[in-house]
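If you read the sequences in order, they're chains A and B.
For the first sequence, the working numbering assigns the number 1 to the initial residue and increments by one for each residue that follows.
For the second sequence, the working numbering assigns the number 363 to the initial residue and increments by one for each residue that follows.
Keep in mind the hints are simulated off the structure, nothing from the lab.
Just so you know, not all the hints are guaranteed correct.
[What the hints assert, rightly or not] Ranges between beta-carbon positions, derived for each pair:
#1 B:Arg412 to A:Leu161: 26 to 32 Å
#2 B:Arg461 to A:Leu146: 48 to 54 Å
#3 A:Ala173 to B:Asp462: 24 to 30 Å
#4 A:Leu146 to B:Glu535: 38 to 44 Å
#5 B:Arg399 to A:Ile345: 29 to 35 Å
#6 B:Asp462 to A:Leu263: 18 to 24 Å
#7 B:Asp419 to A:Ser190: 54 to 60 Å
Using N, Cα and C, we set each Cβ at its ideal position, and we do this for glycine too.
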Amino acid sequence: MTAVDTAPPTAAPDDAAARLAAARSGLRVDRRRRRVRTSVVTSVLAVVAVALVVTALMLGDFPLAFRQVVDVLTGGGDDIARLVVVEFRGPRLVLAVLVGVALGVSGALFQSVLANPLASPDIIGVSQGASAAAVAALLLGGLTGLALSASALAGGLAVGLFLYAVAWRGGLAGHRFVLSGIGVAYACASVIGYVLTRSDVQEAQAALLWMTGSVAQADWPLVRLLGSTLAVLLPLVALVARPLQVLLLGDQQARALGLRPELVRAVVLGLGIALACAATAAAGPVAFVAFTAAPVARRLVGDGGLALVPSALVGLVLVLGADVVAQHVLPADMGVPVGVVTGAIGGPYLIWLMATLRARPA
Amino acid sequence: MTLTTDKTADATTEHASAETIHALAAGLEGERHEPVRLAAHGLHLAYDKRTVVHGVDLEVPPGAVTVIVGANGCGKSTLLRGLGRILKPAGGHVELDGRDIARQRPRDVARLLGLLPQQPLAPEGITVADLVARGRHPHQGAFRRHGAGDAEAVAQALALTDTHELAGRRVEELSGGQRQRVWVAMMLAQDPRIMLLDEPTTYLDIAHQVDVLDLLTELNRTRGTTVVMVLHELALAARYADHLVVMHEGRLFRAGPPAEVLDADCVREAFGLEARVVPDPVTGSPLVVPVGRHQRRA
């Protein structure tokens, strides 16, 4: 009301007041509606995630009852149940969760900053670069464990830097970044093919398993490593979320609103690459999770925002759900890695995305 | 203060009266603006290697409305982008408040200077309220959230631009005219002392064109906001400009009060058009009447 009280005394203040009141209530209603929808989506995803976690801990060669799992999780339970949950199933479960979160957020960052649904680390060669480096390290260098993860990290980062250099022309051209990335992905695939055909079948089999993306090899040190990496990266993501939201308005608007678009873009892409590489280094390139998570989350939230938390949750649900399916739904002797299942979901998803893509209004 | 719902249907098309706009503009948060100086010195602007603006010297009169006109491709939009530091100078520099704009913090500049590009982008699915609120970005810190002052500035921006009934709508569902007014609202929410606008009346019907220009004039008169805009429509340019800048082939061709600048010679040389310039029957400002090839009176 203070705004209107200073207005000159004509008939107009009434109209001005009515307009302001309408604007204020419109803003409130819109804010509340968006907030409610985001919290509903986030809560539903969180409930699904918790249900999956409990299910994953119950199932296996030594089945546990719901009660037993809950007891262990709340700090109680008998020794056998504790052993099964903490030592046997825990690492694999937590790795799946962390990989899902990292890939979901990474995909959301890439797709929003490059304004392209195809811009995802598993499409534009970052994951493939990590794979090629890891496979070469495994088969040519005989590296395993952390050294293998480190090579994967280096491979993915190298691809990211290369793409940045190629796509830079006084500014980053998003489409050039994406298209060059698809080329790099193929080049990496051919490196992988070459190394594999030169290797002994047994070793190639191990490399192949890694390349499909698997969380079966998880142990606590690996989980701790990925966990602490994410503990550094995710708070940084939260810091760039606001500038990134302004960058979605385009470079001109972003600059007019006081942003340095190139700086924000470089930081966001750096974080996206680091997250994708960390996940790939730990579990191999789990296909299509980074690619699918953010668009699904955004459709659920539907307000044109970044939807980072929902994207992380969708990624989590995808990887964990796919791992549960791979372990317990498919025949037990198959030992299918999680990447096979996510890949089987991702292909049809891409087709669905293209078929239902809304035409952009002029 | 009760809001009647039966009015809401018409309200989006119902234009605010001059008094209403005045009441709203006078009630805007904050003080009357101290005018800020903006000037280009020997400004060269280029895309890649192609130079579009060749050494322009321009003092934007503080607290006035400046309109830039010129033929297609004469560099007027480019000049505006250069003034708004969207485009880095290939030579020369732009001064804001007496200091090189390129050496100032982007956020500080954004509090003084706003720019509405010709074709701004809206993320898919974004609502009007959300979009306009992003105009507040330069006033918010990395950790400071959207506060009550921000919400009030957004509400005033919506009320001033006739978009107060559209807050919850998705931007992509709006008509071209509504969308344009939403973009103007976003810049009002930014609340800069200098507003640069690249053809703010595109997509608008004649009534809404006049509305937007009246609104900018009102902000200029009541708050001292400096306005610099590119316009195509010469009649409107001459009517609303305090200071008219005519660009021709990347150079400043003429500048001054419209009545002194706009004559038949100027139109012939800058636009390659035969025209008569007569006094506007409403305001007395110069009115350019084109002489077509086929419509000459015998």
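Quick rundown of the hints versus the structure:
no. : hint                             : in the structure
1   : B:Arg412 to A:Leu161: 26 to 32 Å : holds, 30 Å
2   : B:Arg461 to A:Leu146: 48 to 54 Å : holds, 52 Å
3   : A:Ala173 to B:Asp462: 24 to 30 Å : holds, 28 Å
4   : A:Leu146 to B:Glu535: 38 to 44 Å : violated, 52 Å
5   : B:Arg399 to A:Ile345: 29 to 35 Å : violated, 60 Å
6   : B:Asp462 to A:Leu263: 18 to 24 Å : holds, 19 Å
7   : B:Asp419 to A:Ser190: 54 to 60 Å : holds, 57 Å
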